[in-house]
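*Asks:* Sequence:
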Amino acid sequence: MSRPHLPLSPSDLEFGLFSEDHRGTPEAPGRVVTLIERSYWEKLTDHHDSAPEKVWGVAYRIKPEKVSEVKEYLDIREINGYSIHFTPFHPADGSAPMKTLVYIGTPDNEQFVGPQDPQKLAQHILNSQGPSGLNKDYLYGLDTALNELSPDSGDHHVSDLAQRVRALDTLVNGVSPQVGSG
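Residue numbers (the working numbering): 1 to 182.
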């Protein structure tokens, strides 16, 4: 996963953050997924059908001599509207949990847009792109990665949004994107 999302309880994924620097521009911000605190998610009116109290993802073991360099890079890339949390990561193979660092979105961030009408959000994602590429490709890649982690790892919100964007892409551009492209 190009933007790792780590098992974190209690939190949820939400496509509720502007992306002016990767999947959009300041004039036309894209959307990126972010982890939010479960307590905030429960206050939202946009509850997805499936809301387990965990988030599937990938953990990376960083060599001790690279920790400072990697942390500095991530702080620059992720710190815009995020707070740092340490949380246990539970490997799928059942081995012992390990402590991980994760960035959690904060609702008071000016780029946090919160829940939106899914069809309008799909249209926005279809039309957005930035220096890191097309917003729809980010969504398709995220959907594929989440579904490949484990039989239980898919995310209803992400999959529904990817299906909506693919349908719009076919309707608007006459293109039928491959499932899992990105």
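Hints listed in this document are in silico derivations from the structure and should not be mistaken for laboratory results.
Wrong hints could be hidden among the right ones.
[As the list claims (entries may be wrong)] The calculated lysine-lysine pairs, modelled on DSS-like cross-linking and capped at a C-alpha distance of 30 Å, are:
#1 Lys-54 with Lys-66
#2 Lys-99 with Lys-63
#3 Lys-43 with Lys-66
#4 Lys-43 with Lys-99
*Asks:* Does each hint hold? Answer for all of them.
*Replies:* Hints and how they fare:
1. Lys-54 with Lys-66: 28 Å, holds
2. Lys-99 with Lys-63: The hint holds at about 15 Å.
3. Lys-43 with Lys-66: The given pair, whose Cα atoms are some 39 Å apart, is violated under the 30 Å limit.
4. Lys-43 with Lys-99: 28 Å, holds
This entry does not satisfy hint 3, going by the numbered hints stated previously; all others are met.
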